[in-house]
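Read off the chains here:
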Amino acid sequence: QKEVEQDPGPLSVPEGAIVSLNCTYSNSAFQYFMWYRQYSRKGPELLMYTYSSGNKEDGRFTAQVDKSSKYISLFIRDSQPSDSATYLCAIDAGNNRKLIWGLGTSLAVNP
Amino acid sequence: GAVVSQHPSWVICKSGTSVKIECRSLDFQATTMFWYRQFPKQSLMLMATSNEGSKATYEQGVEKDKFLINHASLTLSTLTVTSAHPEDSSFYICSARGGADDYGYTFGSGTRLTVV
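Listed in order, the protein sequences are those of chains A and B.
According to the working numbering, the stretch in the first sequence is residues 812 to 922, in order.
According to the working numbering, the stretch in the second sequence is residues 81 to 196, in order.
Source of the hints: derived by calculation from the structure; they are not laboratory data.
Every residue gets a Cβ at the ideal spot worked out from N, C-alpha and C, and that includes glycine.
What you were told as hints is all true, and nothing was included just to trick you.
Derived Cβ-Cβ restraints for the label pairs, each shown as a range:
1) Phe119/B <-> Gly905/A: 20 to 30 angstroms
2) His165/B <-> Ser839/A: 33 to 43 angstroms
3) Asn838/A <-> Lys94/B: 41 to 51 angstroms
4) Ser169/B <-> Asp877/A: 32 to 42 angstroms
5) Ser169/B <-> Ser879/A: 40 to 50 angstroms
6) Ser837/A <-> Gly141/B: 18 to 28 angstroms
7) Ser851/A <-> Val83/B: 12 to 22 angstroms
8) Gly905/A <-> Gly133/B: 19 to 29 angstroms
9) Tyr862/A <-> Gly133/B: 24 to 34 angstroms
10) Asn131/B <-> Tyr862/A: 17 to 27 angstroms
11) Glu856/A <-> Thr111/B: 16 to 26 angstroms
12) Leu106/B <-> Asp869/A: 20 to 30 angstroms
13) Tyr862/A <-> Glu139/B: 24 to 34 angstroms
Build the full structure now, drawing on both the sequences and the hints.
What follows is the structure, encoded as structure tokens:
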């Protein structure tokens, strides 16, 4: 079983839709969870990070962690064409602070 | 916010030559930098972790003699791909930790290397 699982998609939604992106993980000891956005041929950009369980909101983005289910989510409200990118979840494994990456989900928001 | 500058953004080189990629933290001191490799439609693969003033720690399967990493100062790390071959063609990305937001893990914009 992989440490982090993420459906690569692709996911295609109309402009204005609510987007839900998800990852599951295997190790219940993981504490720090991150979401990155990566545009084509660019480096990843940190969107959100959360510690332990709960929700965190930043503008149109909400990150959610459910440690009991080992499930992390990123919600995008009122999605825009500029949100079209690949979204990667990442977990700080705590071992030399290395990040464990999901495969990334490709999102297309159509005008 | 923290900014990491990576150069060049793309490079084409002949097989057998060496290529150096630079990664600079512009407004913070990066005690640790990470080098990743990414193939098309795949996630990031950590190649090595470098700490300022010490040898890099390479991930299993990464040839340290082929991918030379130098982190000589708190703002600069370099990755040199030695004797490059077409199979080394990839997207290389650096990441730095050490900004005000410890969980920034700020990334450079990446370098697309093509070996012909």
